[in-house]
Amino acid sequence: MIQAFRENKDIHRTTASTIFNIPLEEVTDIYRRYAKAVNFGIIYGISDFGLSENVGITVKEAKKYIEDYLKKYPKIKEYMDNTKNIAVEKGYVETKFGRRRYVPNIKSQNYIIREQAKRIAMNAPIQGTAADITKIAMVKIEERIKKEKLDAKILLQVHDEIIVECNNNIKDMIANILKEEMEKAATLQVPIIADIRISEVMDK
404 MIQAFRENKD IHRTTASTIF NIPLEEVTDI YRRYAKAVNF GIIYGISDFG LSENVGITVK
464 EAKKYIEDYL KKYPKIKEYM DNTKNIAVEK GYVETKFGRR RYVPNIKSQN YIIREQAKRI
524 AMNAPIQGTA ADITKIAMVK IEERIKKEKL DAKILLQVHD EIIVECNNNI KDMIANILKE
584 EMEKAATLQV PIIADIRISE VMDK
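Going by the numbering used here, the letters in the sequence shown line up with residues 404 to 607, in that order.
It is worth saying that the hints were derived from the structure and are not from the lab.
Remember, it's a predicted structure, so these values are computed and weren't measured experimentally.
Where hints are given, some of them may not hold.
Restricting the straight-line Cα-Cα distance to at most 25 angstroms, the calculated cross-link-like pairs of lysine-lysine (PhoX-like) are [claimed, not checked]:
#1 Lys582 / Lys499
#2 Lys463 / Lys439
#3 Lys439 / Lys474
#4 Lys475 / Lys493
#5 Lys552 / Lys412
#6 Lys499 / Lys510
#7 Lys412 / Lys510
#8 Lys466 / Lys480
#9 Lys478 / Lys493
#10 Lys480 / Lys521
#11 Lys587 / Lys552
#12 Lys521 / Lys467
#13 Lys552 / Lys538
#14 Lys587 / Lys550
#15 Lys549 / Lys587
#16 Lys510 / Lys538
#17 Lys475 / Lys487
#18 Lys493 / Lys474
#19 Lys550 / Lys510
#20 Lys587 / Lys556
#21 Lys493 / Lys439
#22 Lys521 / Lys552
#23 Lys480 / Lys510
#24 Lys474 / Lys412
#25 Lys538 / Lys463
#26 Lys521 / Lys550
#27 Lys475 / Lys463
#28 Lys412 / Lys487
Work out the full structure, taking the sequences as your base and the hints as a guide.
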């Protein structure tokens, strides 16, 4: 999976090829949709029932997809188990930058509450690190805008998106700044690729 990210491949299509044992060129949109649901669902601790409801397959099929996924990517299972153990031991988990998310319910006597806390523990370092990277990029972008005295301003952050308003005559310059600062906001095992879109209106 790391190699797929490094080669800037379609990660969902690559995952589909891996867990369904089919050549990459034979991966259909349906298989890609299943793989995408598993890729995102796993980090939320999705159940076989939850996956089956999400993509419209049987619970038995969903269970097999999750099992096959974790067999093909054993390091992900290792990460999940290690992260839960850290949460139980310390009462919190951390992002790559050391920001903590406390999960006091990880030791709850209530099974449902405890399992929810485990899902939070697994997901928080991933989502939290992504949020940290976005915020670092925002600070760097704002610094560049001020330093270069550009007629532009950050309007909004939407998840991992940063929306900047600027004069039309400097749109390409701003786009380059956005791409540069977002892609170098953190050093990871895989490259950070920022997609830039220029539009006259805010849309999807």
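Q. Taking only the CA atoms, is the gap from Lys587 to Lys552 under or equal to 25 angstroms?
A. Cα-Cα ~21 angstroms, so holds.
**Q.** Restraint status (C-alpha distance of Lys475 to Lys493 at most 25 angstroms)
**A.** violated (30 angstroms)
(Q) Just to be careful, I want the Cα atoms of Lys521 and Lys552 compared with a cutoff of 25 angstroms; is the pair within it? (A) Given pair Lys521, Lys552 is violated - Cα atoms ~47 angstroms apart, limit 25 angstroms.
(Q) Please verify whether Lys475 and Lys487 have alpha carbons no more than 25 angstroms apart. (A) Holds, at about 21 angstroms.
Q) Would the pair Lys475 and Lys463 pass a check requiring their Cα atoms to be no farther apart than 25 angstroms? A) It holds: about 18 angstroms lies between the C-alpha atoms, which stays within 25 angstroms.
Q) Is Lys412 within 25 angstroms of Lys487, Cα to Cα? A) At roughly 30 angstroms apart (the allowed maximum being 25 angstroms), Lys487 and Lys412 break the hint.
**Q.** Pair hint outcome, Lys552 versus Lys412 [Cα-Cα no greater than 25 angstroms]
**A.** Given that 25 angstroms is the threshold and the Cα spacing comes to 37 angstroms, the pair is violated.
Q: Take a quick look at whether Lys587 and Lys550 sit within 25 angstroms of each other, Cα to Cα.
A: holds (18 angstroms)
Q: Could you grab the alpha-carbon distance between Lys587 and Lys556 and see if it respects the 25 angstroms cut-off?
A: holds (20 angstroms)
Q: Below or equal to 25 angstroms on CA atoms is what counts here, so check Lys521 against Lys550.
A: violated (44 angstroms)
Q) Hey, Lys552 versus Lys538, does the alpha-carbon distance stay inside 25 angstroms? A) OK: Lys552 and Lys538 at ~21 angstroms, within 25 angstroms.
Q. Does Lys510 lie within 25 angstroms of Lys412 when you go C-alpha to C-alpha?
A. Violated: Lys412 and Lys510 sit about 40 angstroms apart, past 25 angstroms.
In summary, the structure is inconsistent with hints 4, 5, 7, 16, 18, 19, 21, 22, 25, 26, 28 from the numbered list given earlier, while agreeing with the others.
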